[in-house]
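Residue numbers (the working numbering), protein chains in the order written: chain S, 1 to 220; chain Y, 221 to 680.
The hints are simulated quantities; they were obtained by calculation from the structure and are not laboratory data. Hints are supplied without guarantee of correctness; some may be wrong.
[To be verified] Below, a sample of chain Y positions facing chain S; criterion: calculated Cβ distance under 8 Å:
no.	residue
1	Ala264
2	Trp304
3	Asn309
4	Glu310
5	Pro394
6	Tyr395
7	Leu520
Note that CB positions come from ideal geometry on N, CA and C, so glycine has one too.
As a plain string of letters, each chain reads:
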Amino acid sequence: MALNRAKEEILKKIRQALIRKAPTQSEPNFVSDIYAKPDEEDLLVMFAQNLVKTKAAFFYCENKEDFTQQLQAYSHSKGFKHMHVWEPTLQGMLKEVPLAVINNELSWGQAQVGITSCDYLVARTGTILYTSQTASGRRLAIYPPHHIVVAYANQVVYDLEDALRNLRIKYHKNFPSMVCLETGPSRTADIEKTLVLGAHGPKELTVFLIDDAPYSDSSE
Amino acid sequence: MSKASEHFLQDADNKVFDKEHRRKINFNIGKYENSVKNGTYQFADHELARKRTSFIKTQVMENLDKYLMEFENNFTRQGGKVIWARDANEALVEIEKIFKAKNAKSVVKSKTMTSEEIHLNEFLEKRNIEVVETDLGEYIVQLNGQKPYHIVTPAMHMSRQDVSELFANKLGVPYIEDPQELTLIARNILRQKYLNADIGMTGANFIVADVGGISVTENEGNARMSTTFPKTQITVVGIEKVIPSIIDLALFLPMLAHSGTGQQITVYNTLLTGPRKPDETDGPEEMYVVLIDNGRTTLLADLEKRQALNCIRCGACLNACPVYKNIGGHTYNTTYSGPIGSVITPHYRGMEDFKHLSFASSLCGACTSVCPVKIDLHNLLLLNRKQSVKEGLATKWEVRGFKLFTMAMKNRAWMNFGGSTLKNIALSFLFKNSWGKHRTMPELAPKSFNQQWKERKKGK
Ligand code: SF4
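Chain S extracted, bound-state conformation (with noise of 0.2 Å):
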């Protein structure tokens, strides 16, 4: 078959190519840090400092009753109509608030927010890392205009590092067909560097971040 000639053809290059070493580089250290040290050691707080850095918004919340109060405060000071909620855990925790709430994919194309669960928030540089094995699939995160991410303290890592190493454990069995790592609403600055939000993905971006797991501060 052509394929497999074309296959064939390219390792052979590769191969004959490689005969020739290039002289051993020394290993570099791959031990000490290369970022520099952050002032804050609180994670969470560290996580929400570069939230809101990339013009994201945070809103911290004490418990779940908490969350809720507060989503719906935001979301009456938005004038939101069509939130979008697809996955199970989620909507069980709005079932009782009187929210704006859409529960199934029918008119997603309308959706002006969508709510989606994460797997890691990343505290050195405000990333959100989720993936498409959710309810959320990979659209409810990037196509409605607004998308908010409700997340738990016990989430926050340290670095992209800590996140991607929790993750490939996590789903050594069955790993999702895609990971996003989401930092900030989406951007350009295509036309002479100014800086657009909302180019093709989300205008804005908020986390609200559950507080409920037991407090653990590093600097103790």
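Mind docking chain Y with the ligand on chain S? Use the hints.
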């Protein structure tokens, strides 16, 4: 002297003395430099980070066959399909087969330099397929009938007025100069395109061997959209883009963002490991990765220049290059412009035709010092020069002429020194031996650009 290098000189000459062009480029690169400066705070030891990326990429190149096989095995197990292509033509033929099998009539594309390299758009358009570039900058240059100007900022050469005019002419919208409004116009048009396109195409910033995936970096969300709605996804990528592990993304993503745009990390970094899984809500039914050689194995075989394959296409060396800043991206007339383009293009497309790029560089070393994977760019340019002289491809006159040319590029003070005389000497010297004989020398403005610019700024 080859046609390509004649062309280059002529374009360069036009661009260098085009005030408006310089203004736009300086403005854009100035903004970039500021963000990079502000962004350095994230690193305590950027040099060590560069050593790590360089070490990892070098290890990959030394074991490229194994990593590619590892990627293919993992990706295939997850339901993806890998296609190997020896050259541009083979890639195009294979891609066409997919289009035919799906009876596809339209494609949304997110930014991919590899598809530029194989001239995919022209190929598909000839077959009556609607090709839509979705990255805003690419969308703009596509509307304008041009090629990307810069590998990271494709529409760098256009002012907001240029874009407003273009949109008004091509899209029939009112003339508005506000970038916010202009973006919104494109956003609304492109949303429909994502939903209706038969195929979504992307490039890849990294091929991740251990999880069998490709990683795509972007700020706009257009690649996310292009890989969410269309039923078929095709990714075209050069075989050199491999990194061993998903964990390496933790190092490479911030390095790429920092050098590319000065951000701490780019807004969307998406890892795609295959088509939609049976238990997943959405995503493409099929996903193809086209692995392209197209000259890369030739570069790999060249021990001294192999390291050029470590490039992560951040664009930093372009922004740092005094020649690029003067002549701009289109003058290179190649897919990859700037220092890295000058290093690799002669190997991908022929030393004879593209050797001039290695001469048209000032060897100031700015490129080498900014490269996030520590490619010894100016030394590689020197090696290209040596090779072309050794192979008898460059005459003494050409070599000397280009040296004077780049000297003029680099040293604005020197260019200002004697009005237009020195410039004319340098340029006539250069052109005399090539096409100057048959053509009249371009007359240079008596006032140097620098002077004119200063006067303009002072309000004349
Ligand atoms: S050669 Fe280095 S600086 Fe230039 S684009 Fe590649 S990685 Fe970036």
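For each hint, the structure was consulted:
1. Ala264: 4 Å, holds
2. Trp304: OK, holds: tryptophan 304 of chain Y within 8 Å of chain S, min 4 Å.
3. Asn309: Violated, because the Cβ-Cβ distance from asparagine 309 of chain Y to chain S comes to roughly 11 Å (cut-off 8 Å).
4. Glu310: This interface hint holds because 6 Å falls under the 8 Å limit.
5. Pro394: 16 Å, violated
6. Tyr395: Check failed: Cβ of tyrosine 395 of chain Y comes no nearer than 14 Å to chain S, outside 8 Å.
7. Leu520: 4 Å, holds
Violation of the numbered hints given earlier is confined to hints 3, 5 and 6; the remaining hints are satisfied by the structure.
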